[in-house]
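Visitor: One letter stands for each residue in the lines below.
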Amino acid sequence: MTTAVVDVTVDDGNVRIAVAGEVDLANAAAVEDQIVAAITNQATSVSVDLGEVDYMDSAGMRLLFSLASRMAGLQIALEVVAPVGSSARRLVEVSGLPSFVALRPPLDRAAG
Amino acid sequence: MSPHAADTRKGAADRLRDIEAVTDAGLARLSVDDLLVELLDRVRDILNADTAAVLLLDRPTGQLVATAARGIEEEVYQGMRIPLGSGFAGRVAAGQQPVAIDDVQDADVVNPVLRQKGIRSLLGVPLLVGDRLLGVLHVGALVPRRFGEADVDLLQMVADRVALATQARLSETERRAAQVLQRSLLPESLPQVPGLEVAIRYIAGGEGDVGGDWYDMFTLPSGWVCMTVGDVVGRGLRAAAVMGRLRSAVRAYALATRSDPAAILDRIDRMLRQFEPGEMATAVLALLEPSFGRLHVSLAGHPAPVVATGAGPATYLDVPVDPPLGVAPPVSRRVTTVDLLPGAVVCLYSDGLVERRGVPLDARLGRLREAVTVRSAEEVCTTVMVQLVGDDRPTDDVALLTVRRLDPPSAEPLELAVPAVASSLRDIRAAAKRWLTTIDARPEDVMDVLLAIGEATSNVVEHAYGPKGGLVHVRLELQRPDVVVTVRDNGRWRSPRGDNRGRGTHIIHAVTDEFTTDRRSNGTEVVIRRRVGQAGSRS
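If you're matching them up, the sequences are chains A and B in order. The numbering of the first sequence is my numbering, which starts it at 1 and goes up by one. The numbering of the second sequence is my numbering, which starts it at 1 and goes up by one.
It should be emphasised that the hints constitute simulated quantities derived from the structure, not laboratory data. Ideal placement from N, C-alpha and C gives every residue a C-beta, glycine not left out. There may be inaccurate statements among the hints.
[Said to hold, decoys possible] Covered by chain A, per the in silico footprint, the following chain B stretches (three or more residues, Cβ under 8 Å):
{"no.": "1", "stretch": "125–136"}
{"no.": "2", "stretch": "417–431"}
{"no.": "3", "stretch": "453–463"}
[Said to hold, decoys possible] Distance ranges between label pairs, derived from CB positions:
{"no.": "4", "chain 1": "A", "residue 1": "Gly13", "chain 2": "B", "residue 2": "Val321", "range": "56 to 64 Å"}
{"no.": "5", "chain 1": "A", "residue 1": "Asn14", "chain 2": "B", "residue 2": "Glu444", "range": "29 to 37 Å"}
{"no.": "6", "chain 1": "B", "residue 1": "Glu444", "chain 2": "A", "residue 2": "Arg104", "range": "15 to 23 Å"}
[Claimed, not checked] The following residues of chain B were derived to be distant from chain A, with all beta-carbon distances above 10 Å:
{"no.": "7", "residue": "Leu164"}
{"no.": "8", "residue": "Leu186"}
{"no.": "9", "residue": "Arg488"}
The task is simple: from the sequences and hints, build the whole structure.
Guide: Structure representation (structure tokens):
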């Protein structure tokens, strides 16, 4: 069974959601539930960090697209964080998500 | 009638006829229940008694339980229980001697059924097989009378017959129950892990009486593979039940502690001491890394696994043996890590395989080492059983778990056929990743090929089959410099449903060089081609 860990930190209206592990058809719905539950109506911005994702495919992208459209409707800013050269970043890029959502590398690595 | 009638009236001929009545060979054909009733009727008749009853000892509670009765059937219907040592039957059982009571009015009789019936005189004898007490047989009379020596002898003769029949039934019942239990406690089937070949042998030894051996193998979410063989000390139902609890506990702790066999054994040890005091078990626990390249082993009073790599004879893994589980004060358990080469064969086994009365252990261990060679897991199991068990029925349980690391030479294609369900996807990726590692593919190419395989197989899981399900076939072949992936199903394709579907196909196009889909009425075949550079020679 595929497993992922969703870790949430809330700082004021900023919600940071870090996903670790693997996301595929087997657990995408569960991961989506956890992500959506972490975003309250008070949130002003949401950052989804895929830095610790070992594998993700279109099942994971499906949830990011669906999240992007919901966030747009709620006027909550959404960004996706993925290190350059990671498999998650490659997937996000080929799927076309960056035309809707900001994609950036992790801050500490970008600085270095 | 005189109170002494039974003793004085009969001559030698009568007595002989009485003995024949209770030792009649025809009785042997009756079932145990019918035999008890028939014997009780005959003894009641011969001894001129009004009641006759058999009470069997229930060991866990130390109580006598009414099992068969004539004249006082209500004893059985009510499930009458009498503690050892108290009352009439309890006194017979505790003393393991015949007891006669001429008049119950002045005696210690606790059984209300006996009193309500108006029974005045009683004679009871113990049911014994050797020194082992099985219960009590007693007869009663509604009029006061004195049971004589000849009555005691005859009743004891019946009791011996009842004891033998009951003994046979008790052990048969327990044995069957233990076998059913044991079978239900062992895994029905072991997981198919792509890249590993597994075979098991399990023999319940000791004349069909079960012991507490177990084996198990399972995969963890992290991709690690856990293998274990263990042995609960003791035999019969109890040992089998403890074995079942241990096997479940190993799975639970393995899930919680992940990749540390010593930590798992430590928790099992604490669990046994806390919840099963007095029970002891030995076990070998081996955890195989997701790459299959290294094996982490911890031993709790258990013999070390044998490993054959093809280079020289098989060897016993050099692993220090820590104390068994459930006995010693807590110890710091050790883990030994060994490399497992492609093609290597590992055998985990219980001591029933190597211990044989009258044969030095070293000789048996030597024979096992010779029997383990680099062959298919099934062949290894067969050879080991032929060499170590042969035609000599094992006196103890024998559990043998053989695992072979299949690593195809790099040019050999990888073929998988797994259920088309979401939970298979992870296993498919893991196997593909191992194969791509063996052909020395560059990490970034591995990433893309895994993604393409993931999308193609997810499509099969989602769209190929109805609720009945089916298989997804995956084949990876090296056609340098390309890897060709074929994903095939035998279902009837239906168009994607729901929002945001169909993105997978787009992704496959983006990360591969060639992508074709052949959709037929009897299934769909997807062929993906991707150029793969070698990790060693960066371009």
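Visitor: All the hints need checking, so say for each whether the structure fits it.
Guide: Status of each hint after checking the structure:
1. 125–136: violated (count 0)
2. 417–431: holds (count 5)
3. 453–463: holds (count 5)
4. A:Gly13 - B:Val321: 56 to 64 Å: 59 Å Cβ-Cβ, so the 56 to 64 Å window holds.
5. A:Asn14 - B:Glu444: 29 to 37 Å: Because 33 Å falls inside the window, the suggested range holds.
6. B:Glu444 - A:Arg104: 15 to 23 Å: Holds, at about 21 Å.
7. Leu164: holds, 55 Å
8. Leu186: holds, 23 Å
9. Arg488: Holds: least Cβ distance 18 Å, greater than 10 Å.
In terms of the numbered hints stated before, the structure departs from hint 1 and from no other.
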